[in-house]
Amino acid sequence: MLGLLWARLCGLDNPVRLRRAEATRRVLSLDLNKDRDVERLHENGINTLDIDPVEGRYMLSGGADGIIVLYDLANLTKSPSYTCKAICKVGKSHPDMHKFSVETVQWYPHDTGIFTSSSFDKTLKTWDTNSLQLAEVFHFEGTVYSHHMSPLATKHSLIAVGTKGPKVQLCDLNSGSCSHILQGHRGEVLAVRWSPRYDYILATASADSKVKLWDVRKATGCLMTLDRHNGEKSKSSSETINTAHNGRVNGLCFTSDGLHLLTVGTDDRMRLWNSASGVNTLVNYGKVCNDSRKSVKFTVSEGCSPDFVFVPCDGTIALYTIYSGEKISVLRGHYDNVDCCVFQPQLQELYSGGKDCNVLAWVPAVREPVPDEDSAKSGSNRHLNPAFEDAWSSSEEEG
Amino acid sequence: MERKRKLVCETFNIKKKREELKGPASDLNPSHSPYPDFTEDPQEAVPYLCALFPRKLFNDTLPPLCLKHQLYSLIQDRTAVDRLLSSLQQKGELCLVQAGFDSDTFLVVMDQDLRRTAMANCDGGSRAQVVSKFLESSLFSPSKISYCREEVMQKHRFSDREITQLVRAGLFTVRDAGSWWLSVPGAGKFTTQFIKGRKALLSQISRSRYKEVLLTELATRKSPPALRLGMEYHIHDIIGAGLVDCVPTASGALLRLSDT
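The listed protein sequences derive, respectively, from chains A and B. When we follow UniProt numbering, the leftmost residue of the first sequence carries the number 1, and every step to the right adds one. When we follow UniProt numbering, the leftmost residue of the second sequence carries the number 1, and every step to the right adds one.
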């Protein structure tokens, strides 16, 4: 660390390197911390979490009891221990609360003034955060499993919605109506995700074990159906039998650069796909336990030098490197199945929610103090001849 | 912990002399070499497993088969295994064949062996012509594991009857309406033995104390009569398929029946 700081000070390294190294160290040391807690307001399992992408400060949680809670994650108390306070909630007393389990909540990507939530009561609701009033309701024919808004699109404000029916629907926030229907799946659509790289690229995963990539400007059908065998290079003829998993596919996540797509299925596998060509990269993560009937929200880290993926796996969260598929560690703490986790990229914190009604905060361990003799030595050194600091630092770097 | 430390070092680019010194030493440690003939070389893994296959059991009617997941027990890095198999498949050296009893299990068979057995199985029969037509045509390529109707019937002019012949000869099994898996003729005999053996071995482990047994002890034990494919073949199978957990101990790996 000292070596890195020194190299940064001298301008030998570019700024990114130090940041990456430290971020990686922090992610690898994620653990529960007695000083950090999240207020417990849900009386039922927590299905979904989302941290606002603008400041990384506010977190939404949606529970199986239909309640949505908004937390403030920033610790402004100047004391190390902090319980994330709930600022407000859409609770039992609210006239517009969801009747059944909330499956997905998401912030409006460009501003914390709006958030959206979808639920098993067959609706997708848009909320005004400040007044906590309902702004817009979309009704569907089937229960809504998941929805997503493009994190970077500025030219459209479409929300992709996966419901119990096989059709993916796109709702336009500008007009307040369903503008597109994407047909192609045969089972319920369990997960939808917009690409973080291209405005119009959408990935959907379904219970018919297929994962499809769409360009929503293309009217005729999907771009491609991912095939786990990738034997046939000549597509289109065999499109109907291409399956991404052997079982329901219930989780989707793009890597932070949008070049790869991760999918999880109930065949206990996780797969990594090249999102441009749709080729299976053949990274084998081993067994990733997953028997959820609903969608699983998992997440990837950002800005680390091997990037990591956090996957809920029964009552634990497994941490894998994305591109080599190595299992790095397992985060244990929940008493029941974990359903969702979300990563805070600026502070490298992880929040997870599960059926045990808890939101747990996984915080990087504080750096251990430097061993005594070392600090004493360096201290005296510095005291004796401050002019020779230079020489001391370089020797430290080597050792 | 070890892995974490290694990753941290990699990112910080710390040159740790101590670790370097430790490197070869830990390799010499009892780490794992319960399979004395196997030389850590991934290229060797497939022939090694095929050599374990008891050909005599089936009167040489079957090609040497191994399962894809058995390789995971020999080589720790699963991604490396998958990539290796995929590259060998593209080169045309081996075929992956759907095993039939579990849709995520694949048999690995050498391309040469598959051709030979397929021809031998229908030697002189009326199907020989169709089978050889299929094997000679450009349609058959080891990199494919399944074939679809358009390809077979329109591009390569196989008639409906010929496809039926191929299915009867055991080269095709039905996957879906209008698509077929590639298959090994006579693989059913193997599958029967294989499942019986796996069950026998697992029940043997579950009967031992704490449902766990040392790998070395298991290998030297007298194998139950149902285990016709050989003890080591089955051990690789259950480890690779994740039916048992491998716990490293001072006296070699300990196999514990996994609870899921």
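Hint data in this document are derived by calculation from the structure and do not stem from the laboratory. Take these hints with a grain of salt, some might be off.
[As the list claims (entries may be wrong)] From the derived model, a few chain A residues whose C-beta atoms are all more than 10 Å from chain B: (1) GLU43; (2) LYS85; (3) GLY165; (4) ILE181; (5) PRO196; (6) ASP215; (7) HIS229; (8) TYR285; (9) GLY286; (10) LYS287; (11) ARG332; (12) ASN337; (13) GLN346.
[To be verified] Derived DEER-like restraints, expressed as beta-carbon distance ranges: (14) B:SER87 <-> A:ARG197: 51 to 57 Å; (15) B:GLY178 <-> A:THR220: 20 to 26 Å; (16) A:ASP96 <-> B:SER87: 21 to 27 Å; (17) A:LEU259 <-> B:SER203: 44 to 50 Å; (18) A:ARG197 <-> B:ARG83: 45 to 51 Å; (19) B:GLY100 <-> A:VAL137: 56 to 62 Å; (20) B:GLN90 <-> A:ASP257: 24 to 30 Å.
[To be verified] Interface residues of chain A toward chain B, partial, derived using beta-carbon atoms under 10 Å: (21) ASP52; (22) GLU55; (23) GLY184; (24) ASN246; (25) ASP267; (26) ARG269; (27) SER277; (28) ASN280.
Backbone N, C-alpha and C fix where the C-beta goes; we use that ideal spot for every residue, glycine too.
To see whether the hints hold, each was checked on the structure:
no.: 1; hint: GLU43; result: 29 Å, holds
no.: 2; hint: LYS85; result: 33 Å, holds
no.: 3; hint: GLY165; result: 23 Å, holds
no.: 4; hint: ILE181; result: 26 Å, holds
no.: 5; hint: PRO196; result: 23 Å, holds
no.: 6; hint: ASP215; result: 25 Å, holds
no.: 7; hint: HIS229; result: 6 Å, violated
no.: 8; hint: TYR285; result: 8 Å, violated
no.: 9; hint: GLY286; result: 6 Å, violated
no.: 10; hint: LYS287; result: 5 Å, violated
no.: 11; hint: ARG332; result: 15 Å, holds
no.: 12; hint: ASN337; result: 13 Å, holds
no.: 13; hint: GLN346; result: 19 Å, holds
no.: 14; hint: B:SER87 <-> A:ARG197: 51 to 57 Å; result: 28 Å, violated
no.: 15; hint: B:GLY178 <-> A:THR220: 20 to 26 Å; result: 22 Å, holds
no.: 16; hint: A:ASP96 <-> B:SER87: 21 to 27 Å; result: 57 Å, violated
no.: 17; hint: A:LEU259 <-> B:SER203: 44 to 50 Å; result: 47 Å, holds
no.: 18; hint: A:ARG197 <-> B:ARG83: 45 to 51 Å; result: 25 Å, violated
no.: 19; hint: B:GLY100 <-> A:VAL137: 56 to 62 Å; result: 50 Å, violated
no.: 20; hint: B:GLN90 <-> A:ASP257: 24 to 30 Å; result: 27 Å, holds
no.: 21; hint: ASP52; result: 28 Å, violated
no.: 22; hint: GLU55; result: 27 Å, violated
no.: 23; hint: GLY184; result: 17 Å, violated
no.: 24; hint: ASN246; result: 5 Å, holds
no.: 25; hint: ASP267; result: 6 Å, holds
no.: 26; hint: ARG269; result: 8 Å, holds
no.: 27; hint: SER277; result: 15 Å, violated
no.: 28; hint: ASN280; result: 9 Å, holds
The earlier numbered hints that this structure contradicts are 7, 8, 9, 10, 14, 16, 18, 19, 21, 22, 23, 27.
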